[in-house]
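S.K.: Sequence:
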Amino acid sequence: MTLEILLNQFYTDLLLVKRDSVQTAQTYKISAQEFLNWLVLEKIKLKDVCVQNLLYYLIKRKEKGSSEQTISKDISAIRALGDYLVRKGMWLENHALQLDKPKAARHLPKVLSIEQIDLLLESIDKSTPSGKRDDALFELIYSCGLRISEACTLKIANVHLEEKIILVHGKGDKERLVPFGERALEKMLIYLNEVRPLFTKGRNVAEFFVNYRGEPISRKGVWKRFQEMEKMSGVDAKVHTLRHSFATHLLSGGADLRSVQELLGHSDLSTTTIYTHVTDRQLQEAHEKYFR
Numbered sequence: 009m010t011l012e013i014l015l016n017q018f019y020t021d022l023l024l025v026k027r028d029s030v031q032t033a034q035t036y037k038i039s040a041q042e043f044l045n046w047l048v049l050e051k052i053k054l055k056d057v058c059v060q061n062l063l064y065y066l067i068k069r070k071e072k073g074s075s076e077q078t079i080s081k082d083i084s085a086i087r088a089l090g091d092y093l094v095r096k097g098m099w100l101e102n103h104a105l106q107l108d109k110p111k112a113a114r115h116l117p118k119v120l121s122i123e124q125i126d127l128l129l130e131s132i133d134k135s136t137p138s139g140k141r142d143d144a145l146f147e148l149i150y151s152c153g154l155r156i157s158e159a160c161t162l163k164i165a166n167v168h169l170e171e172k173i174i175l176v177h178g179k180g181d182k183e184r185l186v187p188f189g190e191r192a193l194e195k196m197l198i199y200l201n202e203v204r205p206l207f208t209k210g211r212n213v214a215e216f217f218v219n220y221r222g223e224p225i226s227r228k229g230v231w232k233r234f235q236e237m238e239k240m241s242g243v244d245a246k247v248h249t250l251r252h253s254f255a256t257h258l259l260s261g262g263a264d265l266r267s268v269q270e271l272l273g274h275s276d277l278s279t280t281t282i283y284t285h286v287t288d289r290q291l292q293e294a295h296e297k298y299f300r
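Going from the sequence shown to my numbering is simple: count from 1 and add 8.
Hints listed in this document are in silico derivations from the structure and should not be mistaken for laboratory results. For glycine and all other residues, C-beta sits at the position ideal for the given N, C-alpha and C. Treat the hints loosely; a few may be bogus.
Said to hold, decoys possible - With a straight-line cut-off of 25 Å between C-alpha atoms, the simulated BS3-like cross-links for lysine-lysine are:
| # | residue 1 | residue 2 |
| --- | --- | --- |
| 1 | Lys26 | Lys182 |
| 2 | Lys228 | Lys163 |
| 3 | Lys228 | Lys209 |
| 4 | Lys228 | Lys239 |
| 5 | Lys134 | Lys246 |
| 6 | Lys246 | Lys179 |
| 7 | Lys72 | Lys51 |
| 8 | Lys163 | Lys209 |
| 9 | Lys68 | Lys55 |
| 10 | Lys81 | Lys96 |
| 11 | Lys55 | Lys26 |
| 12 | Lys179 | Lys81 |
| 13 | Lys51 | Lys96 |
| 14 | Lys55 | Lys81 |
| 15 | Lys26 | Lys37 |
| 16 | Lys81 | Lys26 |
| 17 | Lys51 | Lys70 |
| 18 | Lys209 | Lys232 |
| 19 | Lys118 | Lys179 |
| 20 | Lys232 | Lys246 |
| 21 | Lys68 | Lys53 |
| 22 | Lys118 | Lys228 |
| 23 | Lys134 | Lys172 |
What the hints assert, rightly or not - So the derived label-pair ranges between C-beta atoms look like this:
| # | residue 1 | residue 2 | range |
| --- | --- | --- | --- |
| 24 | Ser135 | Gln34 | 43 to 49 Å |
| 25 | Gly73 | Ile173 | 46 to 52 Å |
| 26 | Ile67 | Lys182 | 36 to 42 Å |
| 27 | Ile67 | Pro224 | 47 to 53 Å |
| 28 | Ile52 | Ile122 | 55 to 61 Å |
| 29 | His248 | Leu197 | 25 to 31 Å |
| 30 | Ser75 | Lys239 | 29 to 35 Å |
| 31 | Glu170 | Lys239 | 36 to 42 Å |
Put together the whole structure using the sequences plus the hints.
M.R.: Shown next as structure tokens:
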């Protein structure tokens, strides 16, 4: 069997048997191909592969500059390949299961101050219909800690103005209720009353935020508008930075970790704890500033 046939069969197995996504299957196929090509160069037969060979391969990958994240991805791919080879009788056992994934360094998310958030929002030209829409959009993203996709797919039926609550459809088809404040309510009402009817022209559009053609606003559209706000305000950030800032500002204000976890829609509390490190860092910087 040639390597090309083996890789194609492995790829098909990932899709049809393991039910992996196309993206995962493609990623694993590429990593498996690099590993199998290395075996050919080293003149190591596939059936003779041992744990030492795998360790040596990963060390070589590291020496060539592969990041811990890439190494971790390689290990996942080789484990999947090993599982396939065992099921096909080409390996007696999956040696890759003995490999430990490196712990990837967790980078602290960038967070904006409240003053920087205000600068961004104040840079919006609210004299135009699109500007009034953007004012409501980015206020809601910040005040509810929304992902871009969550803001784009927010349904008008899931916006409860009287209760000041929205029902958010998040990752993994999970739903969560998130409250918003008076400031967001005022901006949303302006958008709903003055702008949205102008854009939709009487058409029934399920999504809350729409573009000037009356279509659901796209992620690309949101990114483009935010880049314009960056240039106008001089604040260096990304749309997702508003979500990071929302979480950090809540914790800095005394909110408990579990509540922030619920508001962000994190399935694992450990994902939320990264924001406690951000607030700790801010406290340290403040202390160093005033108590040198």
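S.K.: Can you list which hints this structure breaks, lowest number first?
M.R.: none
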